[in-house]
Amino acid sequence: MKTCLECGEKIVGREDKKFCSDSCRNAYNNKINKDSTNYMRNINNKLRKNYRILTELNTEGKSKTTRTKMLSKGFDFGFFTNILQTKTGNTYYFLYDQGYLPLDNDFYMLVKKDN
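For the sequence shown, this note's numbering begins at 1 and goes up steadily by one.
Errors might be hidden in some of the hints.
[To be verified] Cut-off 20 Å, straight-line C-alpha distance, at most; resulting in silico cross-link-like pairs (PhoX-like, lysine-lysine):
id, residue 1, residue 2
1, K49, K17
2, K64, K113
3, K31, K49
4, K34, K10
5, K31, K73
6, K49, K34
7, K46, K17
8, K17, K31
9, K62, K31
10, K87, K46
11, K87, K73
Hints in this document: simulated from the structure, not taken from any laboratory.
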């Protein structure tokens, strides 16, 4: 007899079932996928906020903006997911598929990576 991974109740139904109900399955997965610490949660929130700002400022897939405008929306330049170094020596900073390239005079080129 199999029991629910969340509540321990007896499972009725398919042989490979792990939970007695959708609510138990959701509760179990929410526990497992929860950010384990405040530190992780804070970093993930900053990454999400930066991503939202880039998406809002870059609706065309490629655009220009200023450092001042990004900062005024709450952008934190210390948080990004990866760096792309081009053959020409340019350094793009990315938040998932949204990126930015520092230009002269505090301007930034915003780009969106094609998936």
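To see whether the hints hold, each was checked on the structure:
Of the supplied pair hints, the one linking K49 and K17 is violated, its CA atoms being roughly 37 Å apart against a limit of 20 Å. A threshold of 20 Å between alpha carbons decides the hint, and for K64 with K113 the separation of about 15 Å falls inside it, so the pair holds. Taking the CA atoms of K31 and K49, the gap is about 23 Å. The hint is violated against a cut of 20 Å. Of the supplied pair hints, the one linking K34 and K10 is violated, its CA atoms being roughly 26 Å apart against a limit of 20 Å.
Between the alpha carbons of K31 and K73 the distance comes to roughly 32 Å, so the proposed pair goes past 20 Å and is violated. With a C-alpha separation of about 18 Å, the suggested pairing of K49 with K34 holds against the 20 Å cut-off. A hinted pair counts as satisfied when its Cα atoms are at most 20 Å apart, and K46 with K17 does not qualify at roughly 37 Å. Restraint check for K17 and K31: the C-alpha separation of about 19 Å stays at or below 20 Å, so the hint holds.
With a C-alpha separation of about 39 Å, the suggested pair K62 and K31 falls outside the 20 Å cut-off, and the hint is violated. In summary, the hint linking K87 to K46 is not supported, as the alpha carbons are separated by about 30 Å, beyond the 20 Å threshold. About 32 Å separates the Cα atoms of K87 and K73, which puts this hinted pair outside 20 Å; it is violated.
When held up to the earlier numbered hints, the structure conflicts with 1, 3, 4, 5, 7, 9, 10 and 11 and fits the remainder.
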